[in-house]
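J.: Sequence:
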Amino acid sequence: MDRLIDGLDPPARLVERLDAAVPEEADPARSDERRFRAGFSADLDRLHDEEKSALADLDRLEREAIGRTGIRSLKIGYNQVFGYYFEVGKTHSGRVPPEFRRRQTLAQGERFTTDGLEAVELRLRELRERLQAVEAEVWGPRG
Numbered sequence: 001m002d003r004l005i006d007g008l009d010p011p012a013r014l015v016e017r018l019d020a021a022v023p024e025e026a027d028p029a030r031s032d033e034r035r036f037r038a039g040f041s042a043d044l045d046r047l048h049d050e051e052k053s054a055l056a057d058l059d060r061l062e063r064e065a066i067g068r069t070g071i072r073s074l075k076i077g078y079n080q081v082f083g084y085y086f087e088v089g090k091t092h093s094g095r096v097p098p099e100f101r102r103r104q105t106l107a108q109g110e111r112f113t114t115d116g117l118e119a120v121e122l123r124l125r126e127l128r129e130r131l132q133a134v135e136a137e138v139w140g141p142r143g
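For the sequence shown, the positions run 1 to 143 when this note's numbering is used.
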């Protein structure tokens, strides 16, 4: 197969476009990785910057919640069913503030959400949908 590929002579314009677009270490199996090089598309760069900002907001929310509750083991987690949540061990579940709304009870703890966490989750979801749409548009045919 490699011999066949080496023998191909792809159009120079296509090779240039791929080299400019695709990161050297691209792994299509990873959904958290950039599919296009920084600088290839200003729209994609802006959306990736906004995504980084939203992820930083998640870190900030976690630090603030730990500071408010004093629960050092409190963590923000994510799954596809419940989305983002604060997870607290059973021994600390009585110390969560009233604005924490219970989402799920586990054998070893509780999962909660807040208005702030839901707002960041919505922002991330919308950003990722826009990223997919812009990536499809950027990758599409060009004149």
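Note that these hints are calculated values from the structure, not bench results.
Quantities reported herein were computed from a predicted structural model and do not represent experimental measurements.
Ideal Cβ placement from N, Cα and C applies to all residues, glycine included.
Treat the hints with care, since some could be wrong.
In silico SDA-like cross-links for lysine to any residue, where the CA-CA straight-line distance does not exceed 25 Å [what the hints assert, rightly or not]: (1) Lys75 - Arg103; (2) Lys52 - Leu131; (3) Lys75 - Ala42; (4) Lys52 - Glu126; (5) Lys52 - Gly94; (6) Lys75 - Asp59.
Pairwise CB distance ranges (calculated) [said to hold, decoys possible]: (7) His48 - Ala119: 39 to 49 Å; (8) Trp139 - Ser93: 43 to 53 Å; (9) Arg130 - Lys75: 37 to 47 Å; (10) Glu126 - Lys90: 32 to 42 Å; (11) Gly140 - Gly89: 12 to 22 Å; (12) Gly140 - Gln108: 42 to 52 Å; (13) Pro98 - Trp139: 45 to 55 Å; (14) Val81 - Val134: 39 to 49 Å.
J.: Taking the hints in turn, state whether each one holds.
T.: Cross-check of the supplied hints:
no. : hint                        : in the structure
1   : Lys75 - Arg103              : holds (14 Å)
2   : Lys52 - Leu131              : holds (13 Å)
3   : Lys75 - Ala42               : violated (34 Å)
4   : Lys52 - Glu126              : holds (13 Å)
5   : Lys52 - Gly94               : violated (33 Å)
6   : Lys75 - Asp59               : holds (9 Å)
7   : His48 - Ala119: 39 to 49 Å  : violated (20 Å)
8   : Trp139 - Ser93: 43 to 53 Å  : holds (46 Å)
9   : Arg130 - Lys75: 37 to 47 Å  : violated (28 Å)
10  : Glu126 - Lys90: 32 to 42 Å  : holds (34 Å)
11  : Gly140 - Gly89: 12 to 22 Å  : violated (48 Å)
12  : Gly140 - Gln108: 42 to 52 Å : holds (47 Å)
13  : Pro98 - Trp139: 45 to 55 Å  : holds (47 Å)
14  : Val81 - Val134: 39 to 49 Å  : violated (27 Å)
In this structure, the earlier hints numbered 3, 5, 7, 9, 11, 14 are contradicted, and the remaining ones agree with it.
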